[in-house]
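2 protein chains.
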Amino acid sequence: MRRGLLLALLAGALLWGLPAGGHAAEQYTVIKNGEIPSQAGKGDTFTGTVRREHFFRPTEDAPYGVSLVTFDPGARTYWHTHPLGQRLIVTQGSGLTGTADGKVWEIKAGDVVWCPPGVKHWHGASPATAMQHLAIHGMKDGKMADWMEEVTDEQYAGRR
Amino acid sequence: MRRGLLLALLAGALLWGLPAGGHAAEQYTVIKNGEIPSQAGKGDTFTGTVRREHFFRPTEDAPYGVSLVTFDPGARTYWHTHPLGQRLIVTQGSGLTGTADGKVWEIKAGDVVWCPPGVKHWHGASPATAMQHLAIHGMKDGKMADWMEEVTDEQYAGRR
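Line by line, the protein sequences give chains A and B. All letters in the first sequence, in the order written, are residues 130 to 289 by my numbering. All letters in the second sequence, in the order written, are residues 130 to 289 by my numbering.
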């Protein structure tokens with residue numbers, strides 16, 4: 130019994146140390162459109178109707194998560210920061226993004242955004258037009274974002 | 130003179146050690162559609178007509194490059210590997226991707242691909258339909274890809 134446990138722990142430690150290429154998940158992988166479920170954006174991080182598809186989780190070799198996020202008109206994130214920053218690629222529609230200093234930018238399909246680590250900000254759709262973006266972000270201490278308070282209608286409208 | 134040089138070196142060393150947030154490039158940045166030039170894919174890495182827009186270069190905090198690549202019908206990459214793997218998100222159209230073991234996959238808008246480090250592969254458009262994908266990849270020893278020989282018409286057609 131004792132020896133079996135030790136052997137299991139030893140095998141686990143060896144597997145843990147294997148290069149990523151030795152894992153079954155490290156095969157060349159094609160995920161077809163329709164295999165990734167759409168999820169509703171959670172109420173404590175988003176205002177309004179938001180849909181998310183999580184394409185990739187961070188791994189050792191590729192340490193960044195990738196999600197597609199679709200905001201209905203008026204929908205937006207809560208205020209938040211990213212420990213390793215975030216890159217957004219606007220894939221559809223028209224939206225807004227703002228930082229804690231009161232600046233608000235219009236963002237439209239084809240625009241790309243870099244949010245540095247620790248910068249408090251929000252992003253979402255325009256008041257009357259939906260917006261969709263890809264979000265790419267690293268993970269630090271198990272977290273890709275630190276969430277804060279809701280973006281008020283005044284902040285969303287750029288009046289603060 | 131000598132003291133001035135020493136002071137300059139000291140100041141440079143201090144600046145080098147500053148957290149990334151202290152740099153001008155670490156501001157919240159919105160790059161508008163139209164500000165990133167389209168570039169022709171180079172002849173020694175692509176067959177046929179390929180267009181690329183480089184959205185982001187790797188940085189210390191966000192160590193991955195992001196490019197949008199558009200392949201005209203029949204166009205494809207040469208055989209290549211990625212030292213840290215690559216993630217593809219097919220954004221438009223219909224294409225093909227193959228690995229050195231002779232497997233060829235159809236990929237269409239909305240599909241996502243993971244190519245592990247060191248796996249020899251190619252990707253491109255379908256014979257009669259264009260394909261566009263985002264490519265996300267890390268950099269190792271200054272390289273995001275190792276390029277090899279051209280993909281033959283037989284390999285592209287899946288006959289090998």
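Heads up, a few of these hints could be off.
Unchecked claim - Sample of chain A residues facing chain B (criterion: CB under 8 Å; computed from the structure):
1. F184
2. T220
3. G222
4. T228
5. G239
6. I265
7. M273
8. W276
9. M277
Said to hold, decoys possible - Some chain B residues close to chain A (C-beta under 10 Å, calculated; not the full set):
10. F185
11. L197
12. T199
13. H209
14. P212
15. L213
16. I218
17. K232
18. G239
19. W243
20. C244
21. H266
22. K272
23. M277
Rather than coming from a laboratory, the hints here were simulated on the basis of the structure. No experiment lies behind these values; they were computed from the predicted model shown. Quick reminder that beta carbons are idealized off the backbone N, C-alpha and C, glycines included.
Comparing the hints with the structure gives:
Residue-level restraint check for F184 of chain A holds (minimum Cβ-Cβ distance to chain B is 5 Å; threshold 8 Å). Taking 8 Å as the C-beta cut-off, the interface hint given for T220 of chain A holds, the closest approach to chain B being about 7 Å. The criterion of a C-beta within 8 Å of any C-beta in chain B is not met by G222 of chain A, whose closest approach is roughly 12 Å, and the hint is violated. The restraint placing T228 of chain A at the interface with chain B holds, with a minimum CB-CB distance near 5 Å, inside the 8 Å limit.
The interface hint given for G239 of chain A holds, since its Cβ lies 3 Å from the closest Cβ of chain B, which is under the 8 Å cut-off. The beta carbon of I265 of chain A is positioned within 8 Å of a beta carbon in chain B (closest approach about 7 Å), and the interface hint is therefore held. Interface hint status for M273 of chain A: violated, as the beta-carbon distance to the closest one in chain B is roughly 12 Å, over 8 Å. Contact between W276 of chain A and chain B, as hinted, is not supported at the beta carbon level, the nearest pair being about 18 Å apart and thus beyond 8 Å.
At a threshold of 8 Å, the smallest CB-CB gap from M277 of chain A to chain B is about 16 Å, leaving the interface hint violated. Taking 10 Å as the C-beta contact cut-off toward chain A, the hint placing F185 of chain B at the interface holds, the least distance being around 6 Å. The beta carbon of L197 of chain B is positioned within 10 Å of a beta carbon in chain A (closest approach about 8 Å), and the interface hint is therefore held. Given the 10 Å rule on beta carbons, the hint for T199 of chain B is violated: about 13 Å separates it from the nearest Cβ of chain A.
Here the hint on H209 of chain B is broken, as its CB sits about 13 Å from the closest CB of chain A, past 10 Å. With a cut of 10 Å, the hint placing P212 of chain B at the interface with chain A holds, because the nearest CB-to-CB distance is about 9 Å. Because the smallest distance between the Cβ of L213 of chain B and any Cβ of chain A comes to about 5 Å, under 10 Å, the interface hint for this residue holds. Taking 10 Å as the C-beta contact cut-off toward chain A, the hint placing I218 of chain B at the interface holds, the least distance being around 6 Å.
Hint status for K232 of chain B: holds, given a least beta-carbon distance of 8 Å to chain A, under 10 Å. Against a cut-off of 10 Å between C-beta atoms, the interface hint on G239 of chain B holds, since the closest Cβ of chain A lies about 3 Å away. Given the 10 Å rule on beta carbons, the hint for W243 of chain B holds: about 4 Å separates it from the nearest Cβ of chain A. Because the smallest distance between the Cβ of C244 of chain B and any Cβ of chain A comes to about 6 Å, under 10 Å, the interface hint for this residue holds.
Because the beta carbon of H266 of chain B sits about 8 Å from the nearest beta carbon in chain A, less than 10 Å, this interface hint is met. With its C-beta approaching chain A no nearer than about 14 Å, K272 of chain B sits outside the 10 Å limit, and its interface hint is violated. A distance limit of 10 Å between C-beta atoms decides the matter here; for M277 of chain B the minimum to chain A is near 16 Å, and the interface restraint is violated.
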